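Taken in order, these protein sequences are the chains called A and B. So the first sequence is residues 14 to 123, counted in our numbering. So the second sequence is residues 62 to 181, counted in our numbering.
One should not assume that every hint holds.
To be verified - Under 10 angstroms between C-beta atoms, here's a sample of chain B residues computed to sit facing chain A:
| id | residue |
| --- | --- |
| 1 | 97 |
| 2 | 102 |
| 3 | 103 |
| 4 | 118 |
| 5 | 122 |
| 6 | 155 |
| 7 | 156 |
| 8 | 161 |
| 9 | 170 |
| 10 | 177 |
| 11 | 180 |
| 12 | 181 |
Unchecked claim - Chain A residues, not near chain B, derived (Cβ > 12 angstroms throughout):
| id | residue |
| --- | --- |
| 13 | 19 |
| 14 | 27 |
| 15 | 28 |
| 16 | 33 |
| 17 | 55 |
As the list claims (entries may be wrong) - With a straight-line cut-off of 25 angstroms between C-alpha atoms, the simulated DMTMM-like cross-links for lysine to aspartate or glutamate are:
| id | chain 1 | residue 1 | chain 2 | residue 2 |
| --- | --- | --- | --- | --- |
| 18 | A | 72 | A | 96 |
| 19 | B | 102 | A | 18 |
| 20 | B | 125 | B | 88 |
| 21 | B | 102 | A | 84 |
| 22 | A | 83 | B | 120 |
| 23 | A | 72 | A | 51 |
| 24 | B | 102 | A | 51 |
| 25 | A | 83 | A | 18 |
| 26 | B | 102 | B | 124 |
| 27 | B | 102 | A | 54 |
| 28 | B | 102 | A | 96 |
| 29 | A | 72 | A | 54 |
| 30 | A | 69 | A | 30 |
| 31 | B | 116 | B | 126 |
| 32 | B | 81 | A | 54 |
| 33 | B | 102 | A | 80 |
| 34 | A | 70 | B | 124 |
| 35 | A | 69 | A | 96 |
| 36 | B | 75 | B | 113 |
| 37 | A | 69 | B | 159 |
Don't read these hints as lab results, they were simulated from the structure. Remember, predicted model here, so these are calculated numbers, not experimental data. The beta carbon of each residue, even a glycine, is placed where N, CA and C say it ideally should be.
Okay, here's what each chain looks like letter by letter:
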Amino acid sequence: TQLLEQSPQFLSIQEGENLTVYCNSSSVFSSLQWYRQEPGEGPVLLVTVVTGGEVKKLKRLTFQFGDARKDSSLHITAAQPGDTGLYLCAGRRGGQSFVFGPGTRLSVLP
Amino acid sequence: GAVVSQHPSWVICKSGTSVKIECRSLDFQATTMFWYRQFPKQSLMLMATSNEGSKATYEQGVEKDKFLINHASLTLSTLTVTSAHPEDSSFYICSARDMFQGSSYNSPLHFGNGTRLTVT
């Protein structure tokens, strides 16, 4: 059983379109992180959200942490081919380790 | 930014042999490092938490005698896959937490670039 669910699993869009990917759980997390991973490389941290309801923006990326700290969303405005990759959410419940979601594989076509 | 170096980047070994993977934090100290395994088109699965100067904590289902972890210094953790078999072929990734950056709630994990292990 996946502790974290991510949707959609795959997403292929045209350059310039907007998109939202979701990360959901029945568990409460003390913090949640979003990463992007490219093939053959390790994940790269995009953002950390800690407070319920928190919204963070990183250029064209907007991240939101649910009020109950059980879910999160990532919205990309005007997607570009460079945004292509595997987007992973990771939640920390306690201690130091994170549990990762299955990821959303995004492909942005030029 | 913080850099984690993983070596080797890829390795091919014969069934029955052992392979050691190194994970180094290059510009920060890490009391805790994490080892993950990632199968093709799947997410990262935490294998174990490596603690400097003490025994590693393994996740359920991970054989500690098969995946030996040593964290002898604040900048180095090693994972040894003993008596490797083809089913151990995977992408192994380590991450490290900067013990002086952020709090226990929001400190980032710095990932290495992974090691692709192929067992023939």
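Checklist entry - Which of the listed hints are not met by the structure? => result 5, 8, 11, 12, 13, 17, 20, 33, 34 and 36
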